[in-house]
Amino acid sequence: MITLSKKQTNIAEVLVRQFNSSWKMLERAINNVSDELWNKFEIEWGYVRNLIHIIETGEFYNSDTPDDFNWGKFVGIEWKKDSKKEVNKKFEKITKDDVRRYLEVVRSYIQKKLSTFNSEKMLDSDGFMEYIPSIFDKYLYLLRHNMHHIGELNKTLRDNNEKRINWS
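The sequence shown begins at 279 in our numbering and counts up one residue at a time.
Please keep in mind that the hints were generated in silico from the structure rather than gathered at the bench.
Each statement offered as a hint is correct.
With a straight-line Cα cutoff of 25 Å, these simulated SDA-like cross-link-like pairs (lysine to any residue) come out:
#, residue 1, residue 2
1, Lys302, Glu370
2, Lys368, Val383
3, Lys351, Tyr380
Each pair of labels, with its calculated beta carbon distance range:
#, residue 1, residue 2, range
4, Ser361, Ser299, 34 to 42 Å
5, Ser299, Lys363, 35 to 43 Å
6, Leu401, Met425, 19 to 27 Å
7, Pro411, Gly354, 31 to 39 Å
From the three backbone atoms N, C-alpha and C, an ideal C-beta is built for every residue, glycine too.
Please take these sequences and the hints and turn them into a complete structure.
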């Protein structure tokens, strides 16, 4: 435990609160985008692809090791086999409800995992230690990653005169 203002706080609980705010912003990102912009795939990193990237990266970093993660599994992509055109076609089939369900699965997965940690355990390392020194660092990195890409989504909404994502 860490003492903040004469109150003990588990840093994992703080992370859960911060992740909850980022999940709310992702929900708004899904709700605010028009179908036209959702289905715009003229650029490689379209709106839906960016959303899925954020969520999929959460699933990746919530694991104990970077080994054997199947990037693209949610969309059905085989990165070594599929052409760019095939990849885009697979993304085009993804609906807002599909992404909402995936977000809920990963949100639950991360909250469940974080609930198993106390502050001391957060300072341990895991299978990502070659890249990231502690579990705490890993989740902070993931939060920064989420916010970076949420900012990109917000810019896309702004550039297309669509309702922006409110801060949570």
